[in-house]
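Chains as they are written, first to last, in the working numbering: chain U, -4 to 279; chain E, -4 to 279; chain X, -4 to 279; chain B, -4 to 279.
Since the hints were made in silico from the structure, they are not lab data. Wrong hints could be hidden among the right ones.
The list treats identical chains as interchangeable, and a pair is accepted whether it falls inside one copy or across any two copies.
[Unchecked claim] Here are the simulated DSBU-like cross-link-like pairs (lysine-lysine), alpha carbons at most 30 Å apart as the crow flies: (1) K92 to K144; (2) K92 to K247; (3) K92 to K195; (4) K247 to K195; (5) K144 to K195.
Note that the structure is predicted; figures quoted are calculated from it, not measured.
There are 4 protein chains.
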Amino acid sequence: MSEATVILQMICPDRSGLVSELAGWVAANGGSIRHADHHTDAGAGLFLSRIEWQLQGFGIPREALPAAAKALAERLNGQAQLHFSDSLPRVAIFASKQSHCLQDVLWRVQSGELPMQVPLVIANHPDLESLCRSFEVPFVHVPVLPERKQEAEGVMLDLLADHRIELAVLAKYMQVLSGSFLARFPEVINIHHSFLPAFKGAQPYHRAWDRGVKLIGATAHYVTEDLDDGPIIEQTTVHVSHRDEVDDLIRKGRDTERLALSRALRLHLRRQVMVYRGRTAVFA
Amino acid sequence: MSEATVILQMICPDRSGLVSELAGWVAANGGSIRHADHHTDAGAGLFLSRIEWQLQGFGIPREALPAAAKALAERLNGQAQLHFSDSLPRVAIFASKQSHCLQDVLWRVQSGELPMQVPLVIANHPDLESLCRSFEVPFVHVPVLPERKQEAEGVMLDLLADHRIELAVLAKYMQVLSGSFLARFPEVINIHHSFLPAFKGAQPYHRAWDRGVKLIGATAHYVTEDLDDGPIIEQTTVHVSHRDEVDDLIRKGRDTERLALSRALRLHLRRQVMVYRGRTAVFA
Amino acid sequence: MSEATVILQMICPDRSGLVSELAGWVAANGGSIRHADHHTDAGAGLFLSRIEWQLQGFGIPREALPAAAKALAERLNGQAQLHFSDSLPRVAIFASKQSHCLQDVLWRVQSGELPMQVPLVIANHPDLESLCRSFEVPFVHVPVLPERKQEAEGVMLDLLADHRIELAVLAKYMQVLSGSFLARFPEVINIHHSFLPAFKGAQPYHRAWDRGVKLIGATAHYVTEDLDDGPIIEQTTVHVSHRDEVDDLIRKGRDTERLALSRALRLHLRRQVMVYRGRTAVFA
Amino acid sequence: MSEATVILQMICPDRSGLVSELAGWVAANGGSIRHADHHTDAGAGLFLSRIEWQLQGFGIPREALPAAAKALAERLNGQAQLHFSDSLPRVAIFASKQSHCLQDVLWRVQSGELPMQVPLVIANHPDLESLCRSFEVPFVHVPVLPERKQEAEGVMLDLLADHRIELAVLAKYMQVLSGSFLARFPEVINIHHSFLPAFKGAQPYHRAWDRGVKLIGATAHYVTEDLDDGPIIEQTTVHVSHRDEVDDLIRKGRDTERLALSRALRLHLRRQVMVYRGRTAVFA
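This is chain U alone, in the form it adopts within the complex (with noise of 0.2 Å):
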């Protein structure tokens, strides 16, 4: 299991003979496959497919992967993403006072369950810096105040760029990032403390217990500029009864709030996630 693989993500237009072109590839190079799964939307038309195989002994050397994957891509008319299982991609962790989540991806990152490194962690409050410095990662408190929000963020996006991050995570981050963040970088997985699409907006707990529902639940999903309406990568529920008030349903929230976002992250790290026309393939 710890020897590297190849991942390759393609998304193009569906047809015959896809699943035989793109293993034949794999095969023709001397990849020997590990994992192969696809899926046709026939409604959009699009086929997506995930392939993954031993990097070790690949007719094309790992430097000329990339532009073999694009030239395939054009070739299928369609779009290629590659990974190479033993690269840890950097991750900026985002969160302001509550500590589950952050702790949660932190120890799992830690214990080697999500293969990423975490060069960064940036928090709007200071209370997390001494969870932080007990796992050794970098703690920056950028302080947003709504009058100067758009300021907050340009010194968020020079810490992104500063520390080389590719993905960010908002670990309970309680703050809504601009489009115009998003535009510079669009690369965020969320954790939303509801079972979207139901409580969308603040204080989804509150809300459900005033509605008297039985299940609470989280989702983790990827972020857009609709806010709560990013594709959904993971959904967890729990059980709640008349005898939980607000303070109970935030309690057993935590623990699904950090199971939908761990799950949802490991997904992703492996490359399992595809995400298109708003939605995600998630191949698990």
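Could you slot chains E, X and B onto chain U? The hints should help.
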């Protein structure tokens, strides 16, 4: 388990000593308590209690119990509901064309899981008549034309009265009951094919597919004039994936609908549900 | 979704290029792949593949496909199974006295959820005859006396042969089929009322209650001579509490049994299950 | 919610009038009941009750309550346990090399989810010392050599006595405590990494993989001398598939272990669990 019990539900303003007062009243009359559940809604200042005891040997005779419970409620400035486990409520089921919920409820009644009798099935389409016949349950077809809905509802209300129906169950009835109907017959349980408050209204599975959710659900609730906003009794969910088309969501949803409806119905029939302030306490 | 498809299952020794070879074979014959799933069991050195493509327009005619698949399998030193989605397997259901699984399967067949036909129900008790009649399904009562079990199984085997049965489903049959029966008719799916390997054998709900577990379950599996040890297809669980008596476990268990059995059956019928080395790969 | 409460647990022979007698005793002393839960085990002829009321304003002073509860229990021929919600039990955590459960419990104590204090972590390996230090929790390494186990347990018992420990939690301790240890310190909760009674004993994930199960689980239970046979508090499960290797089962299992253990611990600490006859009633 087969011995008859008395179930008393009481809602009254909260104060000290209520558990003692209720249990003391049962004990003073020689009652042997099987179950006693209580809930205090501190915000609302309300106390809710459900006590179940053996009918046999109880000091107050069956026919005198309603008046005694009423007197007790008045002393507590509250409201009491009394039920005898050996009396089978007369329940009408409303259906349309889909058989899964109707068939499931009828089978559970037949097998003894649901302590009720079904003297009447009302449907706005004729499709399910033979199903009802196989269960030896009377079936009445009441067509509902949009422009003559009031008239149709009048026919239904007469049927409910003629058959001395105590509860109506909307088993995928797919029609909205008017406020005036509910004013005259308020005891109605519905199964909605989404995880409320997500996807209120029509075609929830289509909208769930469009949104790309990873879980779908069903909600059994008491019907109020505000569509899909009534007190929730039970909610269930099931996982879906990108491989599931709308038809698969509908198919998977049937199972979760049946479970939510039958559980809610059993909880209601055993008087384990108490409704207050638009929500429920479920003593399960 | 209504167009007929061909489903090819292949198991063979693992080596490089197999996905390409299989998909290439389909493409070379003009097939348009709908689903392609593969699994490599590295420890066993085995490659498993399920490919589904449109029958219409495929270069090899339907009647020639079995021989073509066999030739392909021989080339790969493996074994192929071929299925056409528009052919409805002839399935016999074995039952005893309990109706819940039988009724559920028959309803799902009737509603189109399970692509199969039921030319025969065999039961060792006469109780479920009228249920079968309401579904217009032939019912045969074959009493099984302990001392004349071999004789009864002989009658059953004759019935299976006479009705050209391809699969038997034990829907709470409550009898153990002998090794000699299974040697002559090996394709059998059973529903066991526990979360195997917990509570193998008789009276699992009673033993679950005695043990004080907080979850009960059901397991749908292929039948082998070692009782309750066959390859598992699907498992489900449901929560129980101290309030649940054995009768409640039995009641709650019925729902989880029905779900596990019907899901397993659908997976089997759509050829999403592949069995090898006492276990299954389920491409769901 | 922050006000201190008294929690009384009572087990006694069942007879009429017990709810009234217990609630009456609380009311007679001016207590305002927050929660009252009861259970009758008809087969065992036992009555179990848990009553929680506000400490402030109660007629019997705190220091006199133990004697009063004892007198009440004697009158009912039963046994009482008394707990004050504002007293934080002194809990020792036993660990080995794996961090996930220890870290999770410590984080939940720190965040206020688990009302307890941790004056001591005992481990038979030194690996988790720095983790404990980051939570400012004392860590003692007590090596356990097979041939000198009795000696090691003696050291542990001394440590428990010195730190006035009331409860031990085995957070993946991976060692069996001897009967003589348990005789001297019987209050122990363990997390077992299987859905008991399936896969008792060693290496449950390996055996689960071998068996090809579709669900794995975890069980939190009180420890008795019969390994893995103690009263069960909480069980959780998670789905697995043929794609999951043993390592994946171990990884997925960590999440379900943490949930089962932390839920069980919270239920225990809030005195929602009552143990009798090898089983538990959980008032949740």
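(message) Hint by hint, where does the structure go against what was stated? Just the numbers, ascending.
(response) none
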